[in-house]
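Peer 1: Here is how the chains run, residue by residue.
Protein chains: 2
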Amino acid sequence: MSKLHNGLAVWFTGLSGAGKSTICDGVEQELRNQGYRVEVLDGDVVREGLTKDLGFSKADRDTNIRRIGFVTKLLTRNDVVVLVPVISPYRAMRDEMRAQIDSFAEVYVSTPLAVCEQRDVKGLYKKARAGEIKQFTGIDDPYEPPLNPELECKTHESSVEDCVHQVVALIQSRTAIA
Amino acid sequence: MSKLHNGLAVWFTGLSGAGKSTICDGVEQELRNQGYRVEVLDGDVVREGLTKDLGFSKADRDTNIRRIGFVTKLLTRNDVVVLVPVISPYRAMRDEMRAQIDSFAEVYVSTPLAVCEQRDVKGLYKKARAGEIKQFTGIDDPYEPPLNPELECKTHESSVEDCVHQVVALIQSRTAIA
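Protein chains in written order, with the numbering used here: chain A, 4 to 181; chain B, 4 to 181.
If you're looking for bench data, these hints aren't it; they were derived computationally from the structure. It cannot be assumed that every hint is accurate.
Any copy will do: because identical chains look the same in the list, a pair fits if it lies in one copy or spans two.
[Claimed, not checked] List of simulated lysine-lysine pairs, DSS-like, C-alpha gap at most 30 Å:
# : residue 1 : residue 2
1 : Lys76     : Lys55
2 : Lys137    : Lys55
3 : Lys130    : Lys76
4 : Lys129    : Lys76
5 : Lys61     : Lys76
6 : Lys157    : Lys61
7 : Lys130    : Lys157
8 : Lys129    : Lys61
Values in this document were obtained by computation on a predicted structure and should not be read as measured data.
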């Protein structure tokens, strides 16, 4: 069935502290101003409602992503723009999402590890370096960067505002408000 | 924020074999014909995407309902009518859903146990009686009927078509197509 539809999954991948949620917040606000239906499925929200049982092993991370993907698919096919700021370190899992969700764009928030670690807004890198947190992406757990993301946001070179505008432009190019 | 919205969660509770999914199928088709956004979150669909890890203990059943509720809330607030045909045997958990989801209606598919067992479409009652399935609602696990459902469907007295029409009328009275 061919039908104009406005749903789009925008999958923000990148290290902890890269700026994924900050960019999402700006994008969400701008899209709401423009009349879009928007949801943000960030890790904390989803963990409370959907994935409280999961840890940080590869299997648990994969299950986490699959559950988020399930919800994202349901929302996007009902014309919602879904912003997903989750580290999602494994390329295969992101590719699985791309294959499953009809309307999908990957945004690589490519802030280098050194910058993320210097910011360390939540103090997590310090704890990870001290061994107080295990399986921390970029420290003792892998991160596989996207090979062909629809967009790369370089928060270490551009302002948050510029990144937000880039993402909003991407979304506008892929959707049309009914 | 006051806003016209068309989302509604319609929670179908009742025993296995009561006719929840059959009614949902008819309602879904009719609503689509009328131009509604609709999703059906039935047990099988949700189990694959969201709750594969869960069994039938009370704790697991509660987690199952909470995850379905999380998704239902996201969809209804984006103007989707969400049909949820799940046994959901515990009153407290259904009341929790009612409290969390802005727009909610409970449909009690009240087919008596004897009728469900006689139908036994999936052969599950036979297995439960033989002890091959444990924790089967109505046999060796409790079912707590709703006290004040928005609607009761008596599939043992009315036709499926009548039940479908009743549910569709309920939904129309609670929503407005934009």
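Peer 1: None of the hints should be skipped; say for each whether it holds.
Peer 2: A quick look at each hint next to the structure:
no. : hint               : in the structure
1   : Lys76 with Lys55   : both (20 Å within a copy, 17 Å between copies)
2   : Lys137 with Lys55  : both (18 Å within a copy, 26 Å between copies)
3   : Lys130 with Lys76  : neither (35 Å within a copy, 35 Å between copies)
4   : Lys129 with Lys76  : neither (36 Å within a copy, 37 Å between copies)
5   : Lys61 with Lys76   : both (22 Å within a copy, 29 Å between copies)
6   : Lys157 with Lys61  : within (27 Å within a copy, 47 Å between copies)
7   : Lys130 with Lys157 : within (25 Å within a copy, 59 Å between copies)
8   : Lys129 with Lys61  : within (22 Å within a copy, 40 Å between copies)
When each numbered hint is compared with the structure, violations occur for hints 3, 4.
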